[in-house]
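Protein chains in written order, with the numbering used here: chain G, 547 to 800; chain V, 547 to 800; chain A, 547 to 800; chain U, 547 to 800.
Think of the hints as simulated: they come from the structure by calculation, not from any bench. Fair warning: there could be bad hints in the mix.
In this list, chains with the same sequence are indistinguishable; a pair is considered to hold if it fits within one copy or across any two.
Said to hold, decoys possible - Computed cross-link-like contacts, DSS-like style, restricted to lysine-lysine with a CA-CA straight-line distance of at most 27 angstroms: (1) 750 <-> 800; (2) 800 <-> 672; (3) 672 <-> 649; (4) 619 <-> 649; (5) 649 <-> 588; (6) 800 <-> 649; (7) 588 <-> 741; (8) 672 <-> 548; (9) 720 <-> 649; (10) 800 <-> 720; (11) 588 <-> 548; (12) 548 <-> 619; (13) 720 <-> 750; (14) 619 <-> 588; (15) 741 <-> 548.
There are 4 protein chains.
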Amino acid sequence: MKPVCLVIGAGAGIGGTVGKKFASEGYHAVLCRRSDEEGLQKLVDDIKADGGDATGYLLNAVDEGALEERIEKVEAEIGPIQVVLFNLGAQIGNRALGDTSYKMFELGWRMATFGLYRVAQTVIPKMEARGGGTILVTSATAAVRGNAGQHSHAAAMGGRRMLCQSLNAEFAPKNIHVAHILIDGAVDAPDTLGKMVGAENFAKLRETRGAEDGLLMPEHMAETYYHVAHQHRSSWTHELDLRSYSDLAWWNHK
Amino acid sequence: MKPVCLVIGAGAGIGGTVGKKFASEGYHAVLCRRSDEEGLQKLVDDIKADGGDATGYLLNAVDEGALEERIEKVEAEIGPIQVVLFNLGAQIGNRALGDTSYKMFELGWRMATFGLYRVAQTVIPKMEARGGGTILVTSATAAVRGNAGQHSHAAAMGGRRMLCQSLNAEFAPKNIHVAHILIDGAVDAPDTLGKMVGAENFAKLRETRGAEDGLLMPEHMAETYYHVAHQHRSSWTHELDLRSYSDLAWWNHK
Amino acid sequence: MKPVCLVIGAGAGIGGTVGKKFASEGYHAVLCRRSDEEGLQKLVDDIKADGGDATGYLLNAVDEGALEERIEKVEAEIGPIQVVLFNLGAQIGNRALGDTSYKMFELGWRMATFGLYRVAQTVIPKMEARGGGTILVTSATAAVRGNAGQHSHAAAMGGRRMLCQSLNAEFAPKNIHVAHILIDGAVDAPDTLGKMVGAENFAKLRETRGAEDGLLMPEHMAETYYHVAHQHRSSWTHELDLRSYSDLAWWNHK
Amino acid sequence: MKPVCLVIGAGAGIGGTVGKKFASEGYHAVLCRRSDEEGLQKLVDDIKADGGDATGYLLNAVDEGALEERIEKVEAEIGPIQVVLFNLGAQIGNRALGDTSYKMFELGWRMATFGLYRVAQTVIPKMEARGGGTILVTSATAAVRGNAGQHSHAAAMGGRRMLCQSLNAEFAPKNIHVAHILIDGAVDAPDTLGKMVGAENFAKLRETRGAEDGLLMPEHMAETYYHVAHQHRSSWTHELDLRSYSDLAWWNHK
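Extracted from the complex, chain G is given alone in its bound form (with noise of 0.2 angstroms):
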């Protein structure tokens, strides 16, 4: 039975292509993502193509039990997890305080921070008692500084960091590897860069900035991903950043 990777967010973007790299490594990947059940058929479609085990399901994280239920049917029907990468985002856009709804501010804390809580307390133990995992976690400039704007995104992001340490803390020693994925700057991703820039600015920055690197390229980060999970635990990363080449670090000012 081939090891698990499930993948909380699985858009067109780092999810889905983290799952791809997965799969293709020996991994059957389990993708869940809110919406869109083509674009997910697509992505289960593509990894099958190439030879790979793949099963997807439309999952709203913030539903009361559906991560622990998604985690227990996987278990019980495809097979262990060994790898979890939590690639939910909360990102809304800039918005001010005043322009910042009280159910905005708790939907960011209930998908970034509670859901990466609700999938640890359901995956660690089963993890422990096999002896091992992983858990990859997808974060945000948002969560070492807070802009103006970034109200809820970077209080659940900032919590979300945190708690990866505390979660690596308890857990490291138990063999289970939590990596904290700091990507600093703008993805090539359809489903989320796209959809808050507008197809037609999407298009043209793919043009422009992609087309001389200077997008973050899911397949590209798939590769550091994979590395991370596939470290031996005498030198495992807790943290590390991820940008591209011609991209102003987030400490930095022009």
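Starting from the structure of chain G, add chains V, A and U where the hints point.
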């Protein structure tokens, strides 16, 4: 009319003592805490006995609308809030992930992160309309690193720190001073440390470490809170740490 | 005998102004700077005209033995040094690596890092023998992030910040307070900013940004320096930032 | 002609092992170290026995011109340097300030900070002219926090980290990848850890902690060094940490 200093989380440690300091300098101290009406009344009486002005309220910060209503009433009945001290903690002691219930994890966020967001949403528009104000936030080491057993606390405080940064980024240019005060050590506070370690151990701690200034003393901390709140706007501090001279900084190992 | 406040780097900006503040509070201000005897004399005269005590010395901090001898003589001839303000900068403007000579790079270190080490080596044993003391270190954003063009400055200040932490770790328990004060913005200082941008631009900056408190004002910064130096040892600050309310924090992007 | 991987600091631990890894992947490994000609020759012979290309040089990095000349000669005689691994440490064990001589403090800087600056000055123009290159810098926890007894080491490594950031800010857009690899734990390295703790203790450490993967293993670390050096430029890592699964991260306390 005196300016108001509103303290959310006014126990006998930092909250009440900072309230006293502000009252002694000419503020009307409005002290809010969840329980112990007697203790609250004592704080108010002490301030009045020293010739200051104070009002106390019991208030459960996680109740829907409780923070918002209190702020509205204070503004209507007592006066404009010049300074808020947001002093709610979310420390629940060291708890393994398996002992950290969904409810606990959410409660940590509701108190430490969402509570500050709600206060900011309610009071900042009033401050902005008046041309300025100050929000002091008591924080903890868990805001900058997640230890084992701190899943709920670290997630809540890490989110709070990023929220402080995003509030500062949006509102400092509007003359609203947000300060994140990182308390990196044990505070000589009967309502928090006292309850956590028990009365007997707390008495011992005071006799040993406390006698050598090895516990953070609220009356001395209050001097720094007051100083930060009164910095000239050409020279504001957003973040500072406080610890006893004899304590190891969080980043050091023995 | 008055306690001594020794200022290394006493120009007309932070150094001289903090010296004045300490003198006005009962310290003998010992002001050291590299050049401009006239400017130095003016600072000393101003302090004396206000009824304070001050002595000035020209001193090239990178000369072998210069810092050490000055400290010894001050201790012998004026009195015990209670507070040191180490205020030497190493900013040489933005320079590409190709324009940063070996000599410049080394000079940055000699002033900003090695200078502090030498002061610490000389004065700390005296402070320790007397039971305590205070070392305030003016720092810059370059201590926490390296921008392009800041090779010399960032390397020097980054080293200095880590040195402050190691000094604090060894000597705080011996009642020696080391504080790292991160100045994150342009200071209204004719001897540094003034020289960097030129007299005319500096005059304009003062009329525009300065008039709106958009430059850090040394006389207000001095209040915070003084406050930190007089915190009770149960509640010491090791690191804090200072910037104008209207300035972007270093971690924020527009 | 094979691309060259130049290792500055090629002992039997990280430096030599990363050199071997690159040689096994098609690089000509140029190994430089200060002493132990025999050990150096053994590394070179091992690589050649595995079918790889390697050349070794004894070189004292603090000698004037030594790094510069070596780089020029390698470029002239062996080939273009595609990757530099700057692997010089400056750990001198825990030393109180009183036991840290001026000479030691300066030597730390000369090796760990100035050495990297000199290498960058010499090799970066060549890389820039060729359109790219990679500089991997082995770093230590002392680069991000200063412990007691680490005055020289922390100052040197803190300066180095900021230098890495300023180099990255200037040269990443020119396709030169600078990576700061933070080693947060004891490495299974006879030439460094072995010498620090003594042969007998080192043997014991290997049998106990090492046997449980509790020491960082150079051959596994080398995988990550190699991976980072070969990331696609749309997805570069500037900073990452490495530690054993069973070790406490530097930010955690027990």
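Alpha-carbon proximity between residue 548 and residue 619, which holds within one copy, between copies, both or neither at 27 angstroms: within (16 angstroms within a copy, 51 angstroms between copies)
27 angstroms Cα threshold - placement of residue 649 relative to residue 619: between (30 angstroms within a copy, 24 angstroms between copies)
Alpha-carbon proximity between residue 800 and residue 672, which holds within one copy, between copies, both or neither at 27 angstroms: between (47 angstroms within a copy, 25 angstroms between copies)
Within, between, both or neither: residue 720, residue 649 at alpha-carbon 27 angstroms: Between copies only: 25 angstroms across chains, 37 angstroms inside a chain, cut-off 27 angstroms.
Intra- versus inter-subunit Cα pairing at 27 angstroms for residue 750 with residue 800: both (24 angstroms within a copy, 22 angstroms between copies)
Identical-chain pair category, residue 800 with residue 720, by Cα at 27 angstroms: Result: close only across copies, 16 angstroms inter versus 43 angstroms intra.
27 angstroms Cα threshold - placement of residue 649 relative to residue 800: between (36 angstroms within a copy, 26 angstroms between copies)
Alpha-carbon proximity context of residue 588 and residue 741, limit 27 angstroms: within (18 angstroms within a copy, 57 angstroms between copies)
Homomeric proximity label, residue 619 with residue 588: Cα distance no greater than 27 angstroms: within (22 angstroms within a copy, 55 angstroms between copies)
Intra- versus inter-subunit Cα pairing at 27 angstroms for residue 741 with residue 548: neither (34 angstroms within a copy, 45 angstroms between copies)
Up to 27 angstroms CA-CA - residue 588 versus residue 649, copy category: Neither, since 32 angstroms and 38 angstroms both go past 27 angstroms.
Homomeric proximity label, residue 672 with residue 649: Cα distance no greater than 27 angstroms: between (33 angstroms within a copy, 22 angstroms between copies)
The structure is inconsistent with the numbered hints 5 and 15, although it conforms to all the rest.
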